[in-house]
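Visitor: Top line first, the protein sequences correspond to chains A and B.
Sequential numbering from 1 applies to the first sequence in the working numbering.
Sequential numbering from 1001 applies to the second sequence in the working numbering.
Since the hints were made in silico from the structure, they are not lab data.
Honestly, I wouldn't trust all of these hints.
Unchecked claim - Label pairs and their in silico Cβ distance ranges:
| no. | chain 1 | residue 1 | chain 2 | residue 2 | range |
| --- | --- | --- | --- | --- | --- |
| 1 | B | Arg1173 | A | Asn6 | 44 to 54 Å |
| 2 | A | Met1 | B | Lys1095 | 13 to 23 Å |
| 3 | B | Leu1193 | A | Tyr47 | 32 to 42 Å |
| 4 | A | Thr20 | B | Glu1220 | 13 to 23 Å |
| 5 | B | Gly1033 | A | Asp48 | 54 to 64 Å |
| 6 | B | Gly1159 | A | Lys43 | 40 to 50 Å |
| 7 | A | Lys44 | B | Cys1179 | 31 to 41 Å |
| 8 | B | Asp1183 | A | Glu10 | 35 to 45 Å |
| 9 | A | Glu21 | B | Lys1095 | 31 to 41 Å |
| 10 | A | Thr20 | B | Lys1226 | 25 to 35 Å |
As the list claims (entries may be wrong) - Cross-link-like lysine-lysine pairs, in silico, PhoX-like; alpha carbons within 25 Å at most:
| no. | chain 1 | residue 1 | chain 2 | residue 2 |
| --- | --- | --- | --- | --- |
| 11 | A | Lys36 | B | Lys1095 |
| 12 | A | Lys27 | B | Lys1131 |
| 13 | A | Lys26 | B | Lys1131 |
To be verified - Counterexamples of contact, computed for chain A against chain B with all Cβ distances above 12 Å:
| no. | residue |
| --- | --- |
| 14 | Lys43 |
| 15 | Asp54 |
| 16 | Glu57 |
In this text, a Cβ means the ideal position worked out from N, Cα and C, and glycines have one as well.
As a plain string of letters, each chain reads:
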Amino acid sequence: MRILLNNIPEEFPEENLSVTEMLLKKKFTFKMRIVKINGALIKKERYDSTIISDGDEVQMLYLMSGG
Amino acid sequence: MILIRVLCLLEDLLLSTSKKNFSIFMLYAKTMGLRDIKAHLLKFKVGIAGAGGLGSNCAVALARSGIGTLVICDFDIVELPNLNRQYYFSGQAGKLKVQALKENISGIDREINVITFPEKLNERNIPEIFKGCHAIVEALDSAEMKEMLIETVQTKLPGVPVIAGSGLAGWGRNNDLRCRKIDETLFICGDELSEDSPETPVMAPRVGIVACMQANIVVELLMNKK
Chain A
1 MRILLNNIPE EFPEENLSVT EMLLKKKFTF KMRIVKINGA LIKKERYDST
51 IISDGDEVQM LYLMSGG
Chain B
1001 MILIRVLCLL EDLLLSTSKK NFSIFMLYAK TMGLRDIKAH LLKFKVGIAG
1051 AGGLGSNCAV ALARSGIGTL VICDFDIVEL PNLNRQYYFS GQAGKLKVQA
1101 LKENISGIDR EINVITFPEK LNERNIPEIF KGCHAIVEAL DSAEMKEMLI
1151 ETVQTKLPGV PVIAGSGLAG WGRNNDLRCR KIDETLFICG DELSEDSPET
1201 PVMAPRVGIV ACMQANIVVE LLMNKK
């Protein structure tokens, strides 16, 4: 599948991946983050059940302490 | 004199039409003076979640820009170690941050209406506190609270833009600080990397840059709004 990850085109051999699988694959290790797929916010409890597939626009951002 | 002014306007017009994100309002905004800009911004209400390094500095920048109503929420009190980066004065130690900030803003511009909530934000009170805001600045301390605020606003106040700050600890590395537009309702300012720690504490210059980046996005969003 081909997706847009943070506005950058990326290709994966898999036909689709769950959000959890994608985070592991990309080694995105920070605990606090926001994930949006095609503009919809995906909450943590739905990372296992939400599937990313061809053509999806995925946005991941990291939240670091400090303010 | 008049001729020069007309020529300047014409040049502005040509410049703005050549830009991609051209809008009629931007053209109008280009011909506005500071007084008109303030009069326009006076109509809006902006929420600020947290009144620490990000929130206090962002609130002051928004007040100076002339945003009419600021809704500021923070349960904390001013302490002397905060003064390395937050917009308070030593004589305000022991006061509620929201109260001290309201005083400081009123000392800058009495016209700005500051609504204060000395509360800890949670999923239940966020929609109530920030009801009617045209934009919300995320200026909280911990990553957990930042995540909670963004998720709550995005799900319970859909359509209201959140301008978040993430990655601003330490010093230097000016060019790593940036603003990323996720979509129409989510913006993130900072380097998304530098975490507050004993070796890399939050300091005035970097947190101030990010706070003003957030304020700058708010002003841009509201200048494009009728």
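Visitor: Hints broken by the structure, by number, lowest first?
Guide: Going through the list in order, the structure violates hints 1, 2, 3, 4, 6, 7, 8, 9, 10, 11, 12, 13, 14 and 16 and respects the others.
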